[in-house]
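Peer 1: Make the full structure from the sequences, and use the hints.
Here is what each chain is made of, one letter per residue.
There are 2 protein chains.
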Amino acid sequence: MHVVLPDGKQLDLPDRATGADVAAAIGPGLARAALGLRVDGRLSDLLTEVPAGATVQILTGRDSADVIELQRHTLAHVLAQAVREHLEAEGHAPTSVRLGIGPVIEHGFYYDFDLPRSLTPDDLEAIEERMRAIVAADLPLERTVVERDAALARYRALEDPYKVELIEDLPEDVPITFYRQGGETGFSDLCRGPHVPRTGALPTHFKLTSLAGAYWRGDERRPMLQRVYGVAFADAAALEKHLWQLEEAKKRDHRKLGAELDIFTLDDDIGPGLPLWLPRGTIIVEELERLAHEVESAAGYQHVRSPHLSKEQLFIKSGHLPYYEESMFPAMVIDDQKYFVKPMNCPFHHKIYAARPRSYRDLPLRLAEYGTCYRYEDHGALMGLMRVRSMQMNDAHIYCTEAQFEAEFMGVIELYLHYFDLFAIDSYVMRLSKHAASGLGKKYVDEPELWIRTEAMVRSALERGGINFVEAEDEAAFYGPKIDVQITSAIGREFTLATNQVDFSQPGRFDLTYVDEDGQRKTPLCLHRAPLSTHERMVGFLIEHYAGDFPLWLAPEQVRVVPIADRHLPYATEVAERLTRDGLRAEVDGGNDRMNAKVRSAELKKVPYIVIVGDTEADAGTVSFRSRKEPQRNGVPLAAFSDHLARHARERAGQVEGLT
Amino acid sequence: MHVVLPDGKQLDLPDRATGADVAAAIGPGLARAALGLRVDGRLSDLLTEVPAGATVQILTGRDSADVIELQRHTLAHVLAQAVREHLEAEGHAPTSVRLGIGPVIEHGFYYDFDLPRSLTPDDLEAIEERMRAIVAADLPLERTVVERDAALARYRALEDPYKVELIEDLPEDVPITFYRQGGETGFSDLCRGPHVPRTGALPTHFKLTSLAGAYWRGDERRPMLQRVYGVAFADAAALEKHLWQLEEAKKRDHRKLGAELDIFTLDDDIGPGLPLWLPRGTIIVEELERLAHEVESAAGYQHVRSPHLSKEQLFIKSGHLPYYEESMFPAMVIDDQKYFVKPMNCPFHHKIYAARPRSYRDLPLRLAEYGTCYRYEDHGALMGLMRVRSMQMNDAHIYCTEAQFEAEFMGVIELYLHYFDLFAIDSYVMRLSKHAASGLGKKYVDEPELWIRTEAMVRSALERGGINFVEAEDEAAFYGPKIDVQITSAIGREFTLATNQVDFSQPGRFDLTYVDEDGQRKTPLCLHRAPLSTHERMVGFLIEHYAGDFPLWLAPEQVRVVPIADRHLPYATEVAERLTRDGLRAEVDGGNDRMNAKVRSAELKKVPYIVIVGDTEADAGTVSFRSRKEPQRNGVPLAAFSDHLARHARERAGQVEGLT
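Here the protein sequences come in this chain order: A and B.
Numbering of the first sequence is given in the numbering used here, commencing with residue 1 and proceeding in unit increments.
Numbering of the second sequence is given in the numbering used here, commencing with residue 1 and proceeding in unit increments.
In case anyone wonders, no lab produced these hints; they're calculated from the structure.
Certain hints may be false.
For identical chains, the list gives no copy identity; a pair is met inside one copy or between any two copies.
Calculated pairs, DMTMM-like style, for lysine to aspartate or glutamate (alpha carbon to alpha carbon, straight line, at most 25 Å) [stated by the list, open to error]:
(1) Lys442 x Glu69
(2) Lys443 x Asp269
(3) Lys207 x Asp518
(4) Lys317 x Glu447
(5) Lys522 x Asp269
(6) Lys443 x Asp421
(7) Lys9 x Asp593
(8) Lys338 x Glu325
(9) Lys338 x Glu312
(10) Lys443 x Glu463
(11) Lys338 x Glu574
(12) Lys250 x Asp426
(13) Lys605 x Asp122
(14) Lys251 x Glu296
Peer 2: Here it is in structure tokens:
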């Protein structure tokens, strides 16, 4: 047999040669350096046979993005071996440590265990020690193909229901493989690979990060297993940065801060994925709506409101029922008619377009609504504000002619960039999400030519606008291509926030037309856009992005006024009233705590300005204040302070700078 | 036997004496003047026997409120007789004119017919002529009691399924009575009365107003009958005023104006009772929300937002499912749980109260939300914006101690009065709606003592606040007494707009507590209030109240700028931009129509200010304008005009007065 090398050369090899044989045939240096390989583009390992005629690329330490994948997978096995040894050392039978699955995930790996006792954070440290010993021991890995019946017999003898189930679920034609590290008496696991060839090839830049419960196969009716998470990186700096991000993300977790800052709550009687906005969260939501209203009005949008439910025929017409039903809430039957809560606002806006005859003079018609939509998400997928079942969306639909398309499309892109700038989001990726021909008539409306033409229009608009973007197949909306925007928070977490979609299908399905200058009836194009995403996702993102330290204009409470003693309460109240009159959100802490405790309490609520007033201030009509951004200032005239803050809040300044 | 007269005197009478006998026994003058009577407070007639021992009051023309009731009922019979004669005169058999029911309604009466042909508006005139002839003929009315079997036999012989059904549905112990006018060969109808004694006692101030289809017994699966409506009043002035109101109401009908002014629309694909707010309607809705937000914030309310659906257990806890299910939308089943769209916002606000531990220092806690609720209303009851299935409510819940109750309750009443003043609503009725002991445990929570105590608290607050009010039994909410507010529009139509409810039940059901000054856990009281009602009802009311001529601050388009010729378009645009910068809603009519047509078009859209600009204005930087309230003004400096309007809009002035 032969294989093909990256430079196109053929390499002759004995039949059933493995990856290691390929590396050795090229040369002894590469054989030593080899850690894995790509076979016809797919990741594989040195222990696996290479199919005849395949194109083969040997991976070494320099190919770290690929190699780290193999290393993380092997680390999962090392973790499993270490857990078994750890519990054996305590006297538990090795067969009492049953293994579920142990895959690679972003940044690392996990393994699910059924154990004789619950693990604790202390266990993780001990287990990590054992893992480091296994790495240091440089155990070789071996791969064996085992007959299905033999494999089943092996696990049945061990009374291991998990691996038995995994094997039974494998298709008949898939070979059953095991990986073993440490020779005959070593640790062996059912696994399809790929792995590095020896534990000495693993990085030391790894760490076990957390413990969690996980249902076997994600099914809440099945047993709950113990999941151990780990991360691993090619170098120490990357591990350190990631651990810092994890730590920071934990502090910034919008669920934690959302509770501490009284932003939102969830309630068992109401249901999962249905958050309640508390008064402070509502202020943020209202500020976002005010922002959107101003920006959209200035950009020529008109605002509308549409009901939250509709007869099924609307969603049949829109295509949601044929293409999107699994994400919709179930029907309610009223007067012998099926009604659904809306998964999207678009069909309602189409109806508003259709409510009047339209001419080319009405176009572009831009209809905007912060509309609430309802989507069925699996219970297990729900997460804080990020994955919810009811969401209020910064939605709008722009109806335009084909000639107007590019200007409107770029106008929307500019809107995104404007918001990114306002929120100090300096890292983002725009992705042109396209259809896949294989999904036509299933996930995508069956209009092959329109797909290609519209995708080309979008690509050309992006290129001419000088926007950086990537392209992805099979990620479009069912009615047309879209731009998915992924933004990165201040600590490097990625959020898919917003889409800008082109729709060549729904206007036709709704018989939307306009009379053109030439007197002909034509069908408009439609853009769907939601640059501020949903309130839920956006506020979730902003909490983590700002770590709760919102810019002045977004802060639910902007100023806390703290009287030094009870006798300063009247002046404190006067200060708060002046600030309120200037449109600021100010509160007086009139409680019984001492001053320092009051300041601390305001800091915990992340109030941007804390004003302290005593005799000096009351006599002079001034304030002393401290803020997150500035050192303490004393004796600032109240009027100047209030004007300064009010102006910054009105201007939505990100950084509020010193009074001059 | 004897009866008792209003002055307490007893009057002896032969057994089985009728009302007419009572009048005759008092004196011949009264016998001539008598038109009906009240027996133990209930309306009766001169043809009916008076029970022994009853208290009896004879009614004459001076008791017009009672007498008009009798007259309207008799007019319904006269209408039926006239319809039969009208169709007989055409050659139709009298038995082909079948009668449904013919009751008294507000302002008049109607009768439902099953006829051999459809009636037209021309028929109504002819029928009214015949009615006037019957009145002029002064036919005597007679009342007879007929055995059930004989009555059934009579209608079966006539093949009349309607009257047969009515008789069969009467309880066995109710006597079957007929009223006949015009002697043996006259018109006879199954009827329980009461009536005036002769058609000559009917007023001539009546009119047949309209024709409509009506299902037999209101059931859409039964035959559609033809309903003829009429009105009748005691004097010509009242009839004339009513006909003017009808005419005006037709012009002001919010469904008609709502379409003409692009305020809202309904769509068959979406469903009945689910209006879409068009851009101009959305502006009105947003202005109302801005108003409420300002007023509520100043009054110490905090705003919240709650989801639109919930698990059933929330509504079981709140009592909505046990007491209110028939008005709710049906359940959706998600993850084996029943979910409902919310019929009210209260349980969600209770959950926000409960999300944090509360102390007496937190009270009163006032949570406000323009929340959307969903109520199942019968298809036939839906009407424009007035009766809908989805409504956005100016809701709030105030949690307070018993000591704070009166101040909070009166604060809410003051809020109502403030809004009435703003909207120039000078006629309103406040009604204290109380429970009925018979409904305890069914329509009302079963807490007899709390009901009585709370109703007394409300009564005393209203009395001490000097508020005029009436009381009504059996009209409370299921959790407590309420104030229903009925307002009267500029043309005298009544709308039930708003309620202020006291809730002594739900806080307990939700385990809401606060720690009082004495360290004890106590349950707060809760006030529910919605002074601006729902957007749907309020905008519907305001359209009719203002006849679409909204005050400046509410007008969707405040200024239309009309250039005299194309060359004035740049200056027109400059004017509009200046107005927009000052926060006004201004549009330029840049179309091809002539100036007069443009002015007419702006008038049809009821734009409060129409600005006309030509050479003079462009040269001088001035505007000429006309408004609904002022004569045309020329040469007003643009800045002064814009400032003036912006100030009036900001102040929500009802009447915008001249520039000085």
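Peer 1: Run every hint past the structure and note whether it holds.
Peer 2: Taking the hints in turn, this is what the structure says about them:
In this homomeric assembly, Lys442 and Glu69 never come within 25 Å of each other (Cα to Cα): the closest approach is 33 Å inside a single copy and 66 Å across copies. Proximity of Lys443 and Asp269 under a CA criterion of 25 Å is satisfied inter-copy only: 24 Å between copies versus 35 Å inside one chain copy. Taking the shortest alpha-carbon separations for Lys207 and Asp518, neither the intra-copy value of 69 Å nor the inter-copy value of 53 Å comes in at or below 25 Å. Proximity of Lys317 and Glu447 under a CA criterion of 25 Å is satisfied intra-copy only: 16 Å inside one chain copy versus 51 Å between copies.
In the homo-oligomer, the alpha carbons of Lys522 and Asp269 lie at most 25 Å apart only across protomers (22 Å), although the nearest pairing inside one protomer, at 50 Å, exceeds that limit. With identical chains, the CA atoms of Lys443 and Asp421 are never at most 25 Å apart, being 35 Å at best within one copy and 56 Å at best between copies. In this homomeric assembly, Lys9 and Asp593 never come within 25 Å of each other (Cα to Cα): the closest approach is 80 Å inside a single copy and 76 Å across copies. Proximity of Lys338 and Glu325 under a CA criterion of 25 Å is satisfied in both settings, with 13 Å inside one chain copy and 19 Å between copies.
For a Cα distance limit of 25 Å, the shortest separation of Lys338 from Glu312 qualifies both inside one copy, at 6 Å, and across copies, at 20 Å. In this homomeric assembly, Lys443 and Glu463 never come within 25 Å of each other (Cα to Cα): the closest approach is 27 Å inside a single copy and 66 Å across copies. Within a single copy, Lys338 and Glu574 get their C-alpha atoms no closer than 58 Å, and across copies no closer than 51 Å, so neither meets the 25 Å cut-off. For the identical chains of this complex, Lys250 and Asp426 are intra-copy neighbours only, at 22 Å inside a copy versus 58 Å across copies, given an alpha-carbon limit of 25 Å.
When the C-alpha separation of Lys605 and Asp122 is checked against a cutoff of 25 Å, the pair qualifies neither within a copy, at 33 Å, nor between copies, at 74 Å. Taking the closest pair of Cα atoms, Lys251 and Glu296 never come within 25 Å of each other, the shortest separation being 34 Å inside a single copy and 35 Å across copies.
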